[in-house]
Structure formats: C-alpha cells, structure tokens
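Novice: These are the residues of each chain, in order.
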Amino acid sequence: MPGSVQSLERAAAILQVVAGSGGTLGVTDIAAAVGLPKTTAHSLLRTLLGVRFVEQDREGRYALGPGLLRLGAGHLDVNELRSRASNWTDALASRSGHAVRLAILEREQVRVVHHVFRPDDSAQVLDVGSVLPADRTALGKVLLAFAPHRSVRGTVDARRADVAAVRARGWAAEDGGHEAGTAGLAAPVRGSTGLVVAALGISGPAESVLDRQHQPRPLLVSMVVESAQAISRELGWHG
Amino acid sequence: MADRVVLAVDQGTTSTRSIVFDRGGRLVSVRQREHRQFFPRPGWVEHDPMEIWANTQRTAAQALRDAASSAGEVVALGIANQRETTVVWERATGRPVTRAIVWQDTRTADLVARLSSRPDAAVVRERSGMDIAGYFAGPRLRWVLDHVPRARERAEAGELLFGTMETWLVWNLTGGPDGGVHVTDVTNASRTSLMDCRSCTWDPVLLDFFGIPAALLPEIRPSVGQLGTATALGSPIPITGTLGDQQAALFGQACFTPGEAKCTYGTGSFLLQNTGTELVRTRSGSISTVAYQLAGEPVHYALEGSVAVAGALVQWLRDGLGLIATAPEIETLARTVADNGGCYVVPAFSGLLAPHWRGEARGLVAGLTSYVTKGHLARAVLEATGWQTRDVVLAMAADSGLQLPSLRVDGGMTTNNLLMQFVADVLDTPVVRPMVGETVSLGAAYAAGLAVGLWADVEALRRNWHRSAQWSPVPRRAAQLAAEYPTWEKAVRLSIAWGAD
Ligand SMILES: Nc1ncnc2c1ncn2[C@@H]1O[C@H](COP(=O)(O)OP(=O)(O)OP(=O)(O)O)[C@@H](O)[C@H]1O
Ligand SMILES: [Mg+2]
Numbered sequence: 001m002p003g004s005v006q007s008l009e010r011a012a013a014i015l016q017v018v019a020g021s022g023g024t025l026g027v028t029d030i031a032a033a034v035g036l037p038k039t040t041a042h043s044l045l046r047t048l049l050g051v052r053f054v055e056q057d058r059e060g061r062y063a064l065g066p067g068l069l070r071l072g073a074g075h076l077d078v079n080e081l082r083s084r085a086s087n088w089t090d091a092l093a094s095r096s097g098h099a100v101r102l103a104i105l106e107r108e109q110v111r112v113v114h115h116v117f118r119p120d121d122s123a124q125v126l127d128v129g130s131v132l133p134a135d136r137t138a139l140g141k142v143l144l145a146f147a148p149h150r151s152v153r154g155t156v157d158a159r160r161a162d163v164a165a166v167r168a169r170g171w172a173a174e175d176g177g178h179e180a181g182t183a184g185l186a187a188p189v190r191g192s193t194g195l196v197v198a199a200l201g202i203s204g205p206a207e208s209v210l211d212r213q214h215q216p217r218p219l220l221v222s223m224v225v226e227s228a229q230a231i232s233r234e235l236g237w238h239g
Numbered sequence: 001m002a003d004r005v006v007l008a009v010d011q012g013t014t015s016t017r018s019i020v021f022d023r024g025g026r027l028v029s030v031r032q033r034e035h036r037q038f039f040p041r042p043g044w045v046e047h048d049p050m051e052i053w054a055n056t057q058r059t060a061a062q063a064l065r066d067a068a069s070s071a072g073e074v075v076a077l078g079i080a081n082q083r084e085t086t087v088v089w090e091r092a093t094g095r096p097v098t099r100a101i102v103w104q105d106t107r108t109a110d111l112v113a114r115l116s117s118r119p120d121a122a123v124v125r126e127r128s129g130m131d132i133a134g135y136f137a138g139p140r141l142r143w144v145l146d147h148v149p150r151a152r153e154r155a156e157a158g159e160l161l162f163g164t165m166e167t168w169l170v171w172n173l174t175g176g177p178d179g180g181v182h183v184t185d186v187t188n189a190s191r192t193s194l195m196d197c198r199s200c201t202w203d204p205v206l207l208d209f210f211g212i213p214a215a216l217l218p219e220i221r222p223s224v225g226q227l228g229t230a231t232a233l234g235s236p237i238p239i240t241g242t243l244g245d246q247q248a249a250l251f252g253q254a255c256f257t258p259g260e261a262k263c264t265y266g267t268g269s270f271l272l273q274n275t276g277t278e279l280v281r282t283r284s285g286s287i288s289t290v291a292y293q294l295a296g297e298p299v300h301y302a303l304e305g306s307v308a309v310a311g312a313l314v315q316w317l318r319d320g321l322g323l324i325a326t327a328p329e330i331e332t333l334a335r336t337v338a339d340n341g342g343c344y345v346v347p348a349f350s351g352l353l354a355p356h357w358r359g360e361a362r363g364l365v366a367g368l369t370s371y372v373t374k375g376h377l378a379r380a381v382l383e384a385t386g387w388q389t390r391d392v393v394l395a396m397a398a399d400s401g402l403q404l405p406s407l408r409v410d411g412g413m414t415t416n417n418l419l420m421q422f423v424a425d426v427l428d429t430p431v432v433r434p435m436v437g438e439t440v441s442l443g444a445a446y447a448a449g450l451a452v453g454l455w456a457d458v459e460a461l462r463r464n465w466h467r468s469a470q471w472s473p474v475p476r477r478a479a480q481l482a483a484e485y486p487t488w489e490k491a492v493r494l495s496i497a498w499g500a501d
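Going line by line, the protein sequences match chains C and E. Anchor point for the first sequence: position 207 equals 207 in UniProt numbering, and the numbering is continuous, going up by one each time. Anchor point for the second sequence: position 110 equals 110 in UniProt numbering, and the numbering is continuous, going up by one each time.
Hints listed in this document are in silico derivations from the structure and should not be mistaken for laboratory results. Treat the hints with care, since some could be wrong.
As the list claims (entries may be wrong) - Sample of chain E residues lacking proximity to chain C, with all beta carbon distances greater than 10 angstroms (derived):
no., residue
1, GLU153
2, ALA325
3, ALA460
Unchecked claim - Restraint ranges, calculated between C-beta atoms of paired labels, are given here:
no., chain 1, residue 1, chain 2, residue 2, range
4, C, PRO218, E, THR98, 54 to 60 angstroms
5, E, ALA497, C, GLY22, 38 to 44 angstroms
6, C, GLY239, E, GLN226, 42 to 48 angstroms
7, E, MET50, C, GLY20, 45 to 51 angstroms
8, C, PRO218, E, ARG58, 47 to 53 angstroms
9, E, ARG198, C, GLY239, 55 to 61 angstroms
10, E, GLY175, C, ASP120, 41 to 47 angstroms
11, E, GLU459, C, ARG212, 34 to 40 angstroms
12, C, ASP120, E, THR326, 29 to 35 angstroms
13, C, SER4, E, ALA338, 48 to 54 angstroms
14, E, THR201, C, GLY239, 33 to 39 angstroms
Stated by the list, open to error - On the chain E side, residues computed to face chain C include the following (Cβ under 8 angstroms):
no., residue
15, ARG23
16, GLY24
17, VAL30
18, LEU404
19, THR415
20, ASN417
21, MET435
22, VAL436
23, ARG467
24, SER468
25, ALA469
26, PRO473
Just so it is clear, CB atoms sit at the ideal spot from N, CA and C, and this is done for glycine as well.
Please build the complete structure, drawing on both the sequences and the hints.
Specialist: Quick look at the structure:
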C-alpha cells in the first residue's frame, strides 16, 4: 500500500487478532498470528496499552481495552470525568477561594458536570446538570474555541478573532456577560488523545477575579491553567 | 517563601496513595498504585506485604518529586492504613512468613466459633470492648501461629514480629532488620481484640485467651507523636502520625467534638462518631473503638458502624458482571431509569457486619421480574449503600442517644451525585462533603503535622475544614423511602436466612 505507515498497519492487525480471539491472547500467540517477532509485537502492544486500546489481565494476557470500546461511544463518560478531576477541582477551589465548575459541550450547549462550592461555608446549591450560555461564560468560550468542528466554533468574523485569541492564550475570561458583577476564568481539559473534552473554570465577584484594570488576576489564571493541565494528565494526556 | 508540607501515605485495601499536603490542608501532589488481590480459596483474601512496601516507596518518591518545584521542606510523614490486616515477618530478614491476611478474609470462622463457645468467652467483650469476631486481627494472628510451620515456636523465641500495615511500613521505613522501630498506634491496636480498651495496653488475659505470645507484639503508641525517622525515602523524614484509615478520616474531617461523625465510602463504608474520652458500651450493633490519642493526652473514643461492602459492590458490577467499564459509569447507567424497578441487592459477600454481625449471611438480588434491566440493577447497587447507611445510623443513634444534624461524607463514592442525594433522602438528613475528598490521607497528614507543630492544635485543623458540596433531603422522597425501608429490612432477613444451615 503506497504511503501507508507500517506500524499503524501492524497495530491494526494486532487489534483484529485480539478482537477475533473473542477472549484473551498471550504475546507469543499474537506475534505468531500477525507474523512479527515477539519483541516488535510487544512494543506495539505496549503503545496500545498506553492509549487503552488493549488491556492486560492478571496473567498478562491481552484483550480489547476500554479506550477502544469508548471510541464508538464517542466521548468520555461525564461521571468518570468528575471522579478523575475531583482532587484537582477541590484543590483549585481552596487555593483560589472561588467556586469551581467543570463543563462539557453537549449539542452546542454548555453543561455543568461538576461543581465545587466557594470555600467560605456560605449557603450554596449544587448546579450539576444545568446549562450555561456558551457565548457569555468563560467555560463556554473555551469549549467553543477548542471544539473540533468548525461549524461550532463559528463563522462570524468577530467570533473567529475571539476564537483565535482564546486558542492562542490557552484560557478565556468573561466579565459580567452572564451575571452582572460576576466574572469567570476557564481553561481547556484534554483527554488522552489530546482532544479538548471539558473546560475547567472559576467564577466569583468581578472585583476578586479581576484587578483594577479589569484584567484577570495572573495568579488566578495560572492556577486555573495548571489545574486544567493536572486534570489532563490524570486523563492520560502527556502533551 | 515556600511553605512547609507534610507527606501522607494511605495504605488502603485496593491501593496505596502518597499525597503531599500544604499548611492549608490543600493537596499539592498525589500518586497512587494498586496492588494485587489474592483469593487462594473461597473466603480467603491476601495481599503481598513486599509489594505494598514497594508501592509505598515508589508512590512516596513520585509524590515528593511532583511537589518538589512548588512545595517547601517536608517536615513530617503520617501513615493511615487498612485496618485489621495481619502481617507476620522475620525480625532478622524482614521476610513475611506468609502473605498478609486481609480484613475481609473469613478463614478464621471456625476458630472464632470455637473461641466464642468457651465458658470464659465473656472476657473478650469485657476487656477489649468488642465481641469476638473474625473481623479483628487477633484471630488472624492466631491462625498464622497455628498454620505456618514452626511459627509459634519461632514467635516465642522472639524471631517473628506481628503488625498491621502501619506497623509493617514504619518498621521498614525506619531501617527494617537494621534497627527498624516496631510500633503500632492505639487505634490499630484497638482492632486486634488483644488490647485492654481502658488502659490501652496489651492485656495478658486476652493474650492468654487467644493464645498469643507477647514477644511478637509491637509497642502501642499514641496516634500523634514521634515514632522514628524514615530513612528509606531519600532525605530523612520524621514519622509522627499513624492511624487506622477510618480513624484517620474522622481526624481529617475535624470531628474532634463528641457527637461529630463522618461516613467514608470506599471499598466498604464506615460511619464513626466521636464519643469523647468516655468509652460507650454498645447494645444495638455499633462497636466502640479508639478514635485517636495525642501524645500525653487521654484517649478519645468513637462509635463505629462498619459495612464491609459498599464500593466493592460497584466493583462487582464492573468486574464480576461487566456491566460498566469504570466504577463512576454506574451513575450513567443508573440514570437510564427512574427508580429501582422493585429490585434490591444485599451485598453480604462475606456475611454482614454492623449492625447485624451475621457472618453466615450471603448476598442476594431480590424482586427480580422481567421488567428489571441493568439500569434498575445499577440503581439497586447504589441504593444498597444508602440503605446500609440507614441501618448503621439507626443503630448508632440507639447506642449513643445522639441524633445526627448532618452527615459528613468522604471517599471515592462521594463524587456520585445520585448516590449522595439518595443518602440524604434515605437518612432525611443533609449530607455534606469537605473540600478534601482524600480525608484518610488528610487525617494522617494532620496527625503528623500536629506532632511537629505545623499546626498549633486541633482548632487550627477545624478552621481548615470547608464544605465543597451539600445534598439536602427532598421531603417527599424522604417520606417515600421511609415507607420503603421495611422492604429493605425484609431483603436483609432473607440474606441471613439464606446463609443459615
Ligand atoms: N463514582 C462512583 N460511583 C460509585 N462508586 C464509586 C465511584 N467512584 C469510585 N467508586 C467505588 O469506590 C471505591 C473507591 O473509593 P476509594 O478510592 O475511596 O476507596 P479506597 O480508598 O481504594 O478503598 P480502600 O481504602 O479500602 O482501598 C471503589 O470500590 C469503587 O468501586
Ligand atoms: Mg481508602
């Protein structure tokens, strides 16, 4: 096949062999079935393990992995996302002093999938499951800017400039667009393949999120960006 | 200036975590590694102590490395551990004589039945504060002495050492065969059935009853205080806090006042309520246990409602049935339906602990009709954890006479909003989660940091506690569940009857 990448072909063959076995296979059998030296098969399997396209049982035998099964389902389970992010969202709330939300893009809507209270013990209500305006929140701006489909990112010229700016900076801010007097900051969270799967953000009174020049406080920006990176690493992103 | 930080190790049933916390009680870095579970026979559960020791060193080194750029000096190490899991090893080599026997292991059932029928069996409750049960470490130690070749003879000669996981780790961290410190903390000692629950010393009468030579026992120490210096982690770190994991969670949740309680939802679920410096004698199915002790201060006690299977039932849905790929996905599956469809699951995999204490009970799925789908089953699995919480809350209220104004929760299952709302509704009580979900580690860090003066006193720790989420009961739903409770109780009775001969 002209122009084909050999290791991709081999990996595909390995997956077909494992899938065809209907159960688990050892590395020796896999290597024999695809006609490769054991060491080559082994290093391909290690890569496939890393992206969770295969998994190993207690005896070290291989089966199709959860990453592959989830490809069909299309996206990361939101409850799984919340669970994996939780340590870092907690730490961000207590360090920044602000409420934290994790949101995903669902049919062009921004849906909150995790919410950590502002750490001041005041009365607050969990808003997991609620929908936010995509173009008037920092969370929404990040999700739109990093959406894989052009149509979602928007075609209007003004919006395209915004999108480019958010993508270049790696974070977004919003001042009062959603709720008067409230400002927010958000950064992208990447899944194991590098696609942006969620946005992580803080929000609070404008005067504590922004400085006197109405610019986002740099310390808060770095906290949000670093926490989003920590969650991305937790999800298997090494970029 | 970089802050001083504490390293905590949470040596749990499924994994070992190392976490660095700063002075605000905030997580700086975390590393985790699972260890193998061995099931050599039905009812037997074992861990490899060498693997756990290796995982401890590895995760600790990684967490310290992750924190190195942002954090300052590591001033103390605290350890929390899976409780009642029993290790016996050679003093001279550090080699375990057998794999660790895990708290879920039921191999001592016959031994416990024999011991319970002895005419002098009442001394155990009288002196240890708890009835004889295979759940505690003492019978497991006896089993090792009876079954490992020459173990008793070698123990009497002083060649062997016994410990729960914190003892094993502290001994290794402080040099192992080369001058390792052989100590246990008072909370872990209180789970052996070998300790006098008032004086908090090994009780000669109990040692005699269980047939344990004193020579292999560690020294009992307060939970907060100097134990030795960890020399195995690069630069030396003082080890100054050790607690059983559930007591560590109580400490991490800042439950320092009598009446304050928390429930941790991990492999099992454990409700602990501080009862102050008085030991409460129980009648309704909760047990009395040591909560913590600061060096030079009196022991604080707690009531405990222990439930063996909570998250483990979710794992069974994942690994045993293959209905979900990861534990959190159970919420997605459960939300595909509106209710349990009449289905109830009693997860009595190895009997029922609190408040029933029926080792013979076995698990069951009740109420199956062709209407029931995997979604309903997922609901029933989550609800089982809620119903069991109600069981232990009622038992504890009867034993302590105190009502819970709200329930503080932590552990892996608390990221499950559907479950947490169910717990609030089934208890008709607000459920609150703190800013740090890893409260077991936080408690170990607090204990260690308190001993070296990183925090002045427990009041300083209390100020670190903040709410991260709250689930409030919905009155109509609470009333519905109150009416449904007898159905759950019936399912429990059936599971006990099923296992009885
Ligand atoms: N979102 C979720 N919904 C339901 N169950 C969950 C969820 N996330 C984790 N679990 C369950 O919680 C448990 C993990 O929680 P946690 O990490 O607190 O336990 P653990 O500390 O590993 O337990 P142990 O200390 O006994 O080793 C697992 O049994 C898992 O099945
Ligand atoms: Mg745990």
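Novice: For each hint, tell me whether it holds in the structure or not.
Specialist: Going down the list of hints, with the structure as the test:
1. GLU153: GLU153 (chain E) clear of chain C: closest Cβ-Cβ about 35 angstroms, beyond 10 angstroms.
2. ALA325: Per Cβ check, ALA325 (chain E) is inside 10 angstroms of chain C; nearest 4 angstroms; violated.
3. ALA460: 15 angstroms, holds
4. C:PRO218 to E:THR98: 54 to 60 angstroms: About 57 angstroms separates the Cβ atoms of PRO218 (chain C) and THR98 (chain E), which means 54 to 60 angstroms holds.
5. E:ALA497 to C:GLY22: 38 to 44 angstroms: 40 angstroms, holds
6. C:GLY239 to E:GLN226: 42 to 48 angstroms: 44 angstroms, holds
7. E:MET50 to C:GLY20: 45 to 51 angstroms: Given range 45 to 51 angstroms: violated, Cβ gap about 39 angstroms.
8. C:PRO218 to E:ARG58: 47 to 53 angstroms: Violated, since PRO218 (chain C) and ARG58 (chain E) (Cβ atoms, about 36 angstroms apart) do not stay within the stated range.
9. E:ARG198 to C:GLY239: 55 to 61 angstroms: 59 angstroms, holds
10. E:GLY175 to C:ASP120: 41 to 47 angstroms: With Cβ atoms ~46 angstroms apart, the hint holds.
11. E:GLU459 to C:ARG212: 34 to 40 angstroms: 36 angstroms, holds
12. C:ASP120 to E:THR326: 29 to 35 angstroms: Holds - the Cβ-Cβ distance for ASP120 (chain C) and THR326 (chain E), about 33 angstroms, lies within 29 to 35 angstroms.
13. C:SER4 to E:ALA338: 48 to 54 angstroms: 50 angstroms, holds
14. E:THR201 to C:GLY239: 33 to 39 angstroms: The hinted range 33 to 39 angstroms is violated for THR201 (chain E) and GLY239 (chain C), with Cβ atoms some 57 angstroms apart.
15. ARG23: Since the shortest Cβ distance to chain C is 12 angstroms, the answer is violated.
16. GLY24: With a closest approach of 7 angstroms, the GLY24 (chain E) hint holds.
17. VAL30: Holds. Min distance 6 angstroms.
18. LEU404: Cβ of LEU404 (chain E) sits 18 angstroms from chain C, so the hint is violated.
19. THR415: Interface hint status for THR415 (chain E): holds (5 angstroms vs cutoff 8 angstroms).
20. ASN417: Hint holds; ASN417 (chain E) Cβ to chain C Cβ min 6 angstroms, cut 8 angstroms.
21. MET435: 5 angstroms, holds
22. VAL436: 6 angstroms, holds
23. ARG467: The hint holds - ARG467 (chain E) has a Cβ within 8 angstroms of chain C, the shortest such distance being about 5 angstroms.
24. SER468: 5 angstroms, holds
25. ALA469: 6 angstroms, holds
26. PRO473: 14 angstroms, violated
Checked against the numbered hints above, the structure violates hints 2, 7, 8, 14, 15, 18 and 26; every other hint is satisfied.
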